[in-house]
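**Q** Sequence:
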Amino acid sequence: MEETLTHPRFISFHRNQVNPVPHPKSTLTFAYGDEKYEKMQHQLQGKDNVLRTKVLVEINEDFHQADKVNDALKAQVLGELVKCFKESDDVIRELASRAVLKVATTEHGRETLIHEKIVPEIKTLFDDAEVKIRSNAYVSLINLAEFRFGIDSVIDSGIIPTLVDKLVIEKEESILILILSLMKVLAEGEKAPMILLSTPSLARLNTHLVSKNASIRELAALNIGSISFNVSGKEKTIEAKSIEPLTKMLFDMVSEVRTAASRALASLAQLKAGKVQIYDLEMLDRIIELLFDDSEQTRLNTVQMISAVGEYPPAREKFKECLDKLKDMVTREKYHSPLVSRFAQTAIDVITWKP
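Here the numbering used here = 1-based position in the sequence shown + 4.
Careful, some of the hints might be misleading.
Derived CB-CB ranges, DEER-like [said to hold, decoys possible]:
1. Thr-128 / Met-257: 24 to 30 angstroms
2. Glu-325 / Asp-298: 18 to 24 angstroms
3. Lys-252 / Asp-52: 56 to 62 angstroms
4. Glu-134 / Thr-211: 23 to 29 angstroms
5. Arg-290 / His-68: 19 to 25 angstroms
6. Glu-65 / Lys-175: 29 to 35 angstroms
7. Thr-128 / Val-61: 21 to 27 angstroms
8. Glu-150 / Gln-69: 17 to 23 angstroms
9. Lys-87 / Glu-150: 40 to 46 angstroms
10. Val-61 / His-340: 24 to 30 angstroms
11. Ser-92 / Glu-176: 31 to 37 angstroms
Please keep in mind that the hints were generated in silico from the structure rather than gathered at the bench. Everything numeric in this text was worked out from a predicted model, so none of it was measured. For every residue, glycine included, the Cβ atom is placed at its ideal position computed from N, Cα and C.
Whenever a hint applies, use it, and build me the whole structure from the sequences.
**A** As C-alpha cells, this is what we get:
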C-alpha cells in the first residue's frame, strides 16, 4: 500500500499510525563525524602524499569557519601541519602554511600558536624558496602581532634581527612589503625600539626610501617614524642621515608617501639637530605648500612640523609667511578636522612668540 501513496499522503500515513515503528538511531556521520580531525591527523602522518594533499585541501576549506579551526586544534592537527613545513613537496608545504595562516585569524588559534610556541617554526618559512609560502609565514605573524598578547611573543622569538637582515636579502617586492608591514606592527611593541636600534635597521630602511615601489617607500618612512618615537630613536635616526631622503619624499607624487614622510620629520624635528637639518636643506617652502595638501593627516603632520621647526629662530621668521594660512586653518578646520585646527593654533603661537 505504501508504495502507491503520493509523497504527502505517505507522510500523513506514517504520522497517523497508532503504533508507529520507531526509526533506528541514525548511524550516518558526516566525514567521520566527531572523529573527523583525529582521522585527518593520522592520515597526515602517513606517507601517501596524494592522500595527504587531499586532506590538507579539505582542512583549508574547513578553516574558513572558526568553529572547525577550534575542532582541529583539539585534535592536535596543528602539530602535523607544522611538521609539513619540512616536506620537500612544495604543494604540501604551501597548503600547511596556508592552514596555519588561517589558524592565526582566530582568537583561540592565536592563543594556541603562542602556547605551543609555533612562532619559531613559522619563522623557518622565511627562507622557503616558494614566494607564496614565505607570504603565508609573514601574514601569519602579522595577524598574530596585531594583538597585544601576540606582539611580545613574536618579538621574544628573535624575529626582529631576522627581519632587518631580510631587508637586504629579500628581492621579491610583495614579500618585502610584508616584511616592512610586520616590522611596523612590531615597532609598536615596548621592547622593539631598543632591539631595532641595536641592528643596522635605519641604514637599511634608508635604502628603501628611494624604492620605485610607493608602498615600500611609505612603509620604510613609517618604520623610521616609529623607531624615532623616543629621544634615543630620534638621535640615532638623525645620526643615520635619514632626514635628507625623508625631506625629498615631501615632493612625492603619492599622497600616502608624503604623509608617512611628514610624520617621521615631525618626530625628528622635536630635537634641535632635526630642526637645523630641515632648515639647512631649504625645505621650508615645501613645508608651507603642504598646508594645502588634500590629505588631512598630511596637513596635521605639517602643522606639527611647523610648530617644531619654528622653534629655530631663522625658521620662525620664514614661517611668518604662512601665518594667514594657519589662521584660516584654525577657523576653517575647527569642526571637521579639530586636531588640525588645534595644532595650527599651536604653530601660530610658536611663530609669533617673542622673548
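**Q** Each hint needs a verdict: does it hold in this structure or not?
**A** Okay, the hints, checked on the actual structure:
| no. | hint | verdict |
| --- | --- | --- |
| 1 | Thr-128 / Met-257: 24 to 30 angstroms | violated, 39 angstroms |
| 2 | Glu-325 / Asp-298: 18 to 24 angstroms | holds, 21 angstroms |
| 3 | Lys-252 / Asp-52: 56 to 62 angstroms | holds, 58 angstroms |
| 4 | Glu-134 / Thr-211: 23 to 29 angstroms | holds, 26 angstroms |
| 5 | Arg-290 / His-68: 19 to 25 angstroms | violated, 48 angstroms |
| 6 | Glu-65 / Lys-175: 29 to 35 angstroms | holds, 33 angstroms |
| 7 | Thr-128 / Val-61: 21 to 27 angstroms | holds, 23 angstroms |
| 8 | Glu-150 / Gln-69: 17 to 23 angstroms | holds, 21 angstroms |
| 9 | Lys-87 / Glu-150: 40 to 46 angstroms | violated, 27 angstroms |
| 10 | Val-61 / His-340: 24 to 30 angstroms | violated, 50 angstroms |
| 11 | Ser-92 / Glu-176: 31 to 37 angstroms | violated, 21 angstroms |
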